[in-house]
Amino acid sequence: MEPIVLAYIGIGLMVGLSGIGSIYGVSISGNAAIGAMKKDASAFGNYMVLSALPSTQGLYGFVGFFVMSGLLSGTVDWTVASAIFGAGIAMGLAGLFSGIRQGEVCASGIAAIGSGHKVFANTMILGVFPELYAILGLLVVILINGAL
Amino acid sequence: MKKVSLLVYHGEYTNVLEKLRNLGVLHVEVGESELSTENVAKITKINHLKNLVNEMDSRRTDEEIAPLISDGEELMKRIEDLNHQVTILSQDISSLEKEKESVLPWGSFNPETIEGIRKAGYHVQFLICEDKNWDEQWREAADIELVNQEGSEMFLMAVSRGDKLTHPNLDEVELEHAASFFEVQIQEKQKELDRVNASLDEISLYATKVLEQTIAQLESEINYAKVFNSGEKVADDKLVVLTGWIPAKGQEDFTGALDQEALVYTIDAPTPEDDMPIKLKNSRFARLFESIGELYTLPNHKELDLTPFFAPFYMLFFGFCLGDAGYGLLIVLGTLWGLTKAKPKIKPLLWLGFFLGLSTTIMGILGGTFFGIMFGKDAVTGEYIQPWFKEYQNYVLNTDNLMVLSLVLGYIQVVFGMILKAVNLARVYGFKYSIAQIGWIIIVAIAIPAYGLGSQGMIDVALGNQIAVVAGVIGAIPALLYNTPGKNILLNFGTGLWDSYGMASGLLGDVLSYIRLFALGLSSAILGSVFNSLAMDLSPDTVVLRQLVMILILAFGHSLNLFMALLGSFVHPLRLTFVEFYKNAGFEGGGHKYEPFSSK
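Line order of the protein sequences matches chains S and L. Numbering-wise, the first sequence is residues 36 to 183 according to our numbering. Numbering-wise, the second sequence is residues 98 to 697 according to our numbering.
Check before you lean on any hint, since a few could be wrong.
[Unchecked claim] In silico lysine to aspartate or glutamate, EDC-like type, Cα no more than 16 Å apart, as pairs:
#1 L:K286 with L:D402
#2 L:K378 with L:D402
#3 S:K153 with L:E391
#4 L:K147 with S:D75
#5 L:K690 with L:E391
#6 L:K346 with L:D365
Hints in this document: simulated from the structure, not taken from any laboratory. As the structure is a prediction and not an experimental result, all values here were calculated from the model.
Please work from the sequences and hints to get the whole structure.
Written out as structure tokens, the structure is:
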């Protein structure tokens with residue numbers, strides 16, 4: 036196997052998994068928003084902002100690809116390929132799980148707002164707790180890229 | 098704040114409340130109690146009125162005029178009545194449309210002529226059948242004519258004498274009116290609907306003001322009821338005791354007014370157990386950030402209000418996360434434009450937006466991006482147009498610098514928070530309670546940086562280590578041995594050890610958390626540049642089309658990126674403020690807002 040294959044698998048996992056994380060995250064919170072609309076439709080602005088929070092993980096994955104795209108031209112050796120693969124796994128897995136979990140936090144917040152509790156700001160603060168680890172994943176991508 | 102207790106004779110109670118409301122300075126302590134059914138109904142009505150206000154706002158197309166109906170109740174009834182008419186008329190029109198649709202295949206005919214033929218002893222039938230079921234034999238039973246055909250459906254008319262033409266494959270329909278009849282009816286209803294809509298449009302020109310007055314009236318009624326019920330009855334219900342708070346500043350005016358009414362009252366300074374309301378007092382700049390602080394909680398009455406202390410940091414962090422001069426300018430121009438149009442109530446929020454935009458612009462210039470374009474870089478070749486731009490990019494704030502800067506900023510804010518905690522402890526409990534905290538500050542703010550700078554070779558290693566050791570020892574003595582004044586020294590030492598574990602793990606985590614500023618800023622800059630290169634690469638080579646597609650991609654991409662980046666730049670600094678900064682500043686919060694009883 037050529038080293039470049041491993042590098043591309045890494046990129047695929049990074050963009051794919053973090054994308055899936057965001058897809059799950061925004062759908063979980065989006066579903067909760069639709070449910071909450073039945074109780075209180077006037078807070079749609081709040082629901083929308085909270086539902087949009089988990090969409091960043093997918094973007095981080097994409098940014099990660101862009102950061103590493105410079106390494107993918109021409110031939111790469113095993114060191115570079117494994118570095119890309121490792122960075123991809125780090126970003127991809129962190130994005131996947133943080134996206135899903137952030138979606139769940141936001142969904143609970145949306146349900147609570149729908150029931151008349153004023154927890155918009157609190158949900159936003161709690162919602163970004165899981166996101167930090169996706170940011171750290173992206174940071175790893177940036178740092179590995181810088182080190183190569 | 099001063100605590101006020103009023104003793105009122107029950108017969109005078111309503112009068113006194115009226116006077117207090119006109120004064121508008123007393124924050125009455127209202128207990129948590131269930132709302133009466135009457136008040137619940139009022140709240141429902143307020144929500145309904147708010148919906149009507151929204152509806153009228155979206156209808157309004159012209160300048161406001163003086164109200165033609167100034168009574169809120171009457172106006173509400175009128176709007177509801179007109180809305181009801183709109184619903185009924187729309188339903189009528191749609192059912193007439195349906196009937197017209199069903200008659201349309203038969204073309205225009207005169208029902209009177211048909212009636213005439215029927216009177217002459219003939220059967221006139223309107224029939225529908227599938228063309229595959231057509232039977233030539235039917236012609237023998239009646240004069241049958243194909244009027245229209247739509248797809249496989251045949252629309253037939255049959256005239257016969259004697260027996261009617263019947264067959265299982267033939268569906269007979271009764272047509273009483275031709276399409277033109279329904280058309281006339283629809284037009285009439287439509288005219289009426291237009292008339293009703295016109296009256297609604299007319300009402301919308303003044304409704305908002307009247308309805309909002311009614312809402313304010315209802316709200317003040319609910320408020321009055323709450324205050325009324327909060328009075329405590331004593332001496333066989335003959336006397337009512339009302340407790341509340343007034344700002345210390347306006348005390349003379351308030352007592353003067355009470356003396357005029359010959360009321361019995363006491364004014365006390367608050368005791369530590371009292372849960373008094375909070376009225377924040379900030380400079381014009383910091384006041385803009387109060388709305389951000391309120392998202393979490395107000396400070397309790399014992400502690401410092403941290404708004405002026407987090408405001409500059411929040412502004413800086415927001416700029417750091419968004420970090421694009423183009424986006425920043427967009428926000429600055431947008432908010433400035435908004436300021437010329439906005440109502441006074443929204444203006445502080447727009448000013449807040451203005452400052453956040455300003456900080457974004459500055460950070461964008463320092464970081465070197467404008468709508469995702471790296472300064473001075475040629476969009477096609479990626480080369481720097483001017484050599485000094487390259488120097489600028491390399492030496493002012495490149496990626497590494499930005500990362501270190503985000504951590505340094507975090508470190509500064511954490512240390513700043515710790516200093517605030519020491520000040521707060523000294524203020525509330527006395528200086529000796531803040532000594533241990535000062536020890537920690539010496540360790541964190543002097544010893545650790547000295548060691549760090551030494552080991553990085555930025556200052557002389559030996560000197561750095563010396564400073565670190567001296568500061569460490571000076572700090573550690575109070576931190577370990579004097580953290581709970583008045584307690585046994587061994588107990589103090591135990592608590593001190595536990596504190597050091599918390600400090601070591603907490604400090605590292607807190608400071609590292611600020612690295613998100615860098616990652617967020619970089620990711621929004623990179624996404625912006627990705628959309629720029631997409632617009633360059635994907636556009637076709639035809640002259641006009643190329644520019645069109647480019648503009649489309651740029652507009653879509655940058656609005657998406659701006660929205661996501663704005664969201665992140667708003668939320669992440671919030672977390673840094675409320676979690677990292679508030680924690681290190683020992684912020685407890687939980688205060689409630691000073692809301693004087695007034696008629697608004």
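Open item on the list: Taking the earlier hints as the rules, which of them does this structure contradict?
Closed with: Hint 1 is the one this structure does not satisfy, whereas the remaining hints hold.
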